[in-house]
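Engineer: Guided by the hints, dock chain E onto chain F, whose structure is given.
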Amino acid sequence: MKQLENGPQWRVTLKEAWPLCLSYTPIGLACGILLHAAGFNTILTGLVSIFVFSGGAQFMIAQMLTTTAPILTIILMLFFLELRYALLGSSLASYLKGQNHRFLFLFAVSMNDENYAINYLKFVTDRNWTPKDALQVEHWSLLVWTVSNIIGSLIGSAVQINLTVVNFALTALFLYMIVMQIKTRLILLISVVAGVLAAFFMLLTKSTLGLVISTLVASFLGFMIEGYVSKRWPNSHLLYKIHDPSGQPEVDKEDIEI
Amino acid sequence: MHYSVTDHLLIVILGFFVAFGPRYIPILFFSNRKIPDWFNDWMKYVPVSLFTAIVVKDIFISGSYHFISSGNLDLILASIIVIIISYWTRSMAISVVFGLIAVMLLSMLI
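Going line by line, the protein sequences match chains F and E. Residues 1 to 258 in this note's numbering are what the first sequence lists, from first letter to last. Residues 1 to 110 in this note's numbering are what the second sequence lists, from first letter to last.
Chain F with its partners taken away, still in its complex shape (with noise of 0.2 Å):
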């Protein structure tokens, strides 16, 4: 059905994806311009953007070779950088029951930050989101970075660029997110305690294992208040919805009790 009205499947995820793509355009180059102020070569960097594809990875590991860090740090760091995937990964489980391990693998290689932003919005909002349509995001994503970084590779110092506007991109992307996810007040209150904590656990591990270790526990907090507040007082304000402006309600009830 879906194939006959807004045509070929690539056309459909295209349309998701393309907000991303447009984001990733100057990030990736300006991480390919990075990595090769940091020596390495365009091969490696379109092998680090397909294997790796991450950009606070490669971010981190093009300023970590110019303070010529230890290869064994660098993975490290690394590892904690990566290990938020894992939470990422179990939130979309339950969409992705039945697929084989080939699959799997496949999403799984390809899954980040941004394109699972993406696919968690669909799968909760569009019941005709499949996770073929997810993995075809993940795959818009990945040529549109591995390209961007191999041109900044090629390019190389001939640019300039300003980090801080261009980074800025991703931010707004997750920014919209949020938005998008608050739907009621309690979750509003989740996002901001998980802002605060955030704060605290990344000055305390002075690493990114804050990220996982705020998520973690905000995350659960939500779950306990939930839980609390429903049984307790069912009509609590907490448990408000927050008004949509578009004034469609996007999501249907069963799809939100997931």
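In case anyone wonders, no lab produced these hints; they're calculated from the structure. Be aware that a few hints might be false.
A short, non-exhaustive set of chain F residues, derived as facing chain E with CB atoms under 7 Å [to be verified]:
id, residue
1, F51
2, V52
3, L78
4, L87
5, S90
6, A108
7, Y120
8, L173
9, V179
10, A218
11, F223
The model shown is predicted, which means the values in this text are computed figures rather than measured ones. Note that beta-carbon positions come from the ideal geometry of N, C-alpha and C, so glycine has one too.
Structural biologist: Here is chain E on its own, set in the frame of chain F:
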């Protein structure tokens, strides 16, 4: 210490494993089992918590993990603009594009 191309290749290969492990193992584990309801209820709050944490890191935490209170005023103002635009338009593309324009202008002004 000077790195050779082999060192770089080693970083890519080892980097792949540390990036792949955390992505694959939970997906493999949870996709082939009956997931208890409480776990799904908990995971429901993961995206919003993680995204907020990432935004806080981008805006308030420096590269050496120190707190930046008002140093990134351009980012803070641009973030507020993005939040308002996202809330009203519900469009990712518009939010990102206007966010980038805002931060570009603000970083020149501030």
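Engineer: Now tell me if each hint is right for this structure.
Structural biologist: Results for each hint:
1. F51: Holds. Min distance 4 Å.
2. V52: Holds: closest Cβ of chain E sits about 5 Å from F/V52, inside 7 Å.
3. L78: 5 Å, holds
4. L87: 5 Å, holds
5. S90: 4 Å, holds
6. A108: This interface hint holds because 4 Å falls under the 7 Å limit.
7. Y120: 5 Å, holds
8. L173: Holds, about 6 Å.
9. V179: 4 Å, holds
10. A218: Holds. Min distance 4 Å.
11. F223: 4 Å, holds
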